[in-house]
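Novice: We have chain G; now place chain H onto it with these hints.
As given, the protein sequences belong to chains G and H, one line each in that order.
Heads up: the first sequence begins at 13 in our numbering, then just goes up one per residue.
Heads up: the second sequence begins at 3 in our numbering, then just goes up one per residue.
The hints are simulated quantities; they were obtained by calculation from the structure and are not laboratory data.
Among these hints, one or two may not hold up.
Taking beta-carbon pairs under 8 angstroms as the criterion, some of the chain H residues facing chain G (in silico) [unchecked claim]: (1) Met3; (2) Asp5; (3) Phe50; (4) Tyr54; (5) Leu112; (6) Glu113; (7) Arg162.
No more than 20 angstroms apart at the CA atoms, straight line, and that leaves these computed lysine to any residue pairs for SDA-like [stated by the list, open to error]: (8) G:Lys81 <-> H:Leu51; (9) G:Lys73 <-> H:Asp44; (10) G:Lys73 <-> H:Ile73; (11) H:Lys166 <-> G:Ala91; (12) G:Lys81 <-> G:Ala93; (13) G:Lys73 <-> H:Gly9; (14) G:Lys81 <-> H:Gly13; (15) G:Lys85 <-> H:Lys166.
Covered stretches of chain G, going by a simulated chain H footprint (3 or more residues, C-beta under 8 angstroms) [what the hints assert, rightly or not]: (16) 53-63; (17) 70-80.
By construction, the Cβ of each residue, glycine as well, lies at the ideal position given by its N, Cα and C atoms.
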Amino acid sequence: MGCERFSSARVQAAYGESPDDPSWAEHGPDCYHCISEVGEMRELRGLYEAGSRRNLNRRSKARIVSALKRASKVRRLRAAAVAAVIFLGATLAVPGTRAEPGPTAAIPTAVAVDQGVNEVRDRVGKLEVDMEPPRPYVDAALDDLARRIRLLAWDTENENM
Amino acid sequence: MKDLIHGLKAGDSRAFEQLVQEFGDRVHRYVARLAGLEGAEDLTQEVFLRVYRSIGSFDPSGGLAPWIFTIATHLSVDQLRRRKARPEAPPPANSSGDPVEARELRETLLEAVAQLPEEQRRVFHLREEAGLSFREIAQVLRCPPGTALWRMHAAMTRLRNALKAHMEK
Chain G
13 MGCERFSSAR VQAAYGESPD DPSWAEHGPD CYHCISEVGE MRELRGLYEA
63 GSRRNLNRRS KARIVSALKR ASKVRRLRAA AVAAVIFLGA TLAVPGTRAE
113 PGPTAAIPTA VAVDQGVNEV RDRVGKLEVD MEPPRPYVDA ALDDLARRIR
163 LLAWDTENEN M
Chain H
3 MKDLIHGLKA GDSRAFEQLV QEFGDRVHRY VARLAGLEGA EDLTQEVFLR
53 VYRSIGSFDP SGGLAPWIFT IATHLSVDQL RRRKARPEAP PPANSSGDPV
103 EARELRETLL EAVAQLPEEQ RRVFHLREEA GLSFREIAQV LRCPPGTALW
153 RMHAAMTRLR NALKAHMEK
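Here chain G stands alone, though its shape is the one from the complex (with noise of 0.2 angstroms):
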């Protein structure tokens, strides 16, 4: 019949879409067998169509949502966790120290110690973010960091006694 080359081109028409091969303008709507053949597939198209549609309902696409609303917290709150040590471990380091100056950092003050942590807990504070299981976490982390901070204080000190 001639028409095997425009298989792609009667499926696209059926479609709706423009066919790719420009000789199908001229082919196509004089070919019995072509529309046809493209009526037969929009019947088909139809009839399926016509047939289960399985959407989801509000409810569940409510549920979606949240579901990506909470894997957005969980990355802000890593991100601002994160951040948070990054900040903590950068107050550390800055002077203000009992020790000399020397070229290993100087280990804090409590009193430092105690600034940097309620520093990093009011930006972490700051955060629009949800923090119910979260918040706890983070505070019971930067009190054990904290802790630690400390101890490795009392240790030099002992050790220069």
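Specialist: What follows is chain H alone, placed relative to chain G:
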């Protein structure tokens, strides 16, 4: 679409709503056809979470829809593999009140779709359920657009033959 992508990257809740509004039904229908209706909602959620987590690596030159449905395809195939089962033939629905012949014809069509070779079935569902253009389907399947069209034509031929055989009974 740029705003949507920017919003997703920024974690904007309006962007999440827009994303689910725009693609929710299409993704759900597609994964339900590919991996079965059971668990399709959870799988749909997983697709969107994956989209959100990977949005940083999304290349806008490829188009958002093909990218989303590439993720949907991979997750559906993974789930099928875990279950080691073929996708179920979708049950007929919304057919109450239809004439018996129309309902039977529709059931025959759905069964024939479920029995298409995998490559053809995937093209069919990407077009019918996901609503992608053939160029986008080719992107998802990483094949030339002509191949996607050829598979669709082959699928259509099988389906039309199945319907003709049913009507001749």
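Novice: Using a Cβ cutoff of 8 angstroms, are there at least 3 residues of the region 53-63 of chain G near chain H, or does the coverage claim fail?
Specialist: That given contact holds, which follows from 8 residues of the region 53-63 of chain G lying within Cβ reach (below 8 angstroms) of chain H.
Novice: So, Asp5 (chain H) near chain G? Judge it on the closest CB pair being under 8 angstroms.
Specialist: violated (16 angstroms)
Novice: The hint names Tyr54 (chain H) as touching chain G; please verify it with the least Cβ-Cβ distance against 8 angstroms.
Specialist: OK, holds: Tyr54 (chain H) within 8 angstroms of chain G, min 5 angstroms.
Novice: Straight-line Cα separation of Lys166 (chain H) and Ala91 (chain G) no greater than 20 angstroms?
Specialist: Not OK: Lys166 (chain H) and Ala91 (chain G) at ~60 angstroms, beyond 20 angstroms, violated.
Novice: Within a Cα-Cα threshold of 20 angstroms, do Lys85 (chain G) and Lys166 (chain H) meet the stated pairing?
Specialist: violated (55 angstroms)
Novice: Between the region 70-80 of chain G and chain H, see if three or more residues pass the 8 angstroms beta-carbon test, and mark the coverage as holds or violated.
Specialist: holds (count 7)
Novice: Holds or violated: Lys73 (chain G) and Gly9 (chain H), Cα atoms, limit 20 angstroms.
Specialist: holds (18 angstroms)
Novice: Straight-line Cα separation of Lys73 (chain G) and Ile73 (chain H) no greater than 20 angstroms?
Specialist: holds (18 angstroms)
Novice: Let's test the interface hint: is any C-beta of chain G closer than 8 angstroms to that of Phe50 (chain H)?
Specialist: holds (5 angstroms)
Novice: Given the hinted pair Lys81 (chain G) and Leu51 (chain H), is their alpha-carbon gap at most 20 angstroms?
Specialist: holds (10 angstroms)
Novice: Do the alpha carbons of Lys81 (chain G) and Gly13 (chain H) lie within 20 angstroms of each other, as the hint requires?
Specialist: Measuring from Cα to Cα gives roughly 8 angstroms; hence the hint holds.
Novice: Under the criterion of a CB-CB separation shorter than 8 angstroms, is Leu112 (chain H) in contact with chain G as hinted?
Specialist: Hint holds; Leu112 (chain H) Cβ to chain G Cβ min 6 angstroms, cut 8 angstroms.
Hints 1, 2, 6, 11 and 15 from the earlier list are contradicted by this structure; the remaining hints agree with it.
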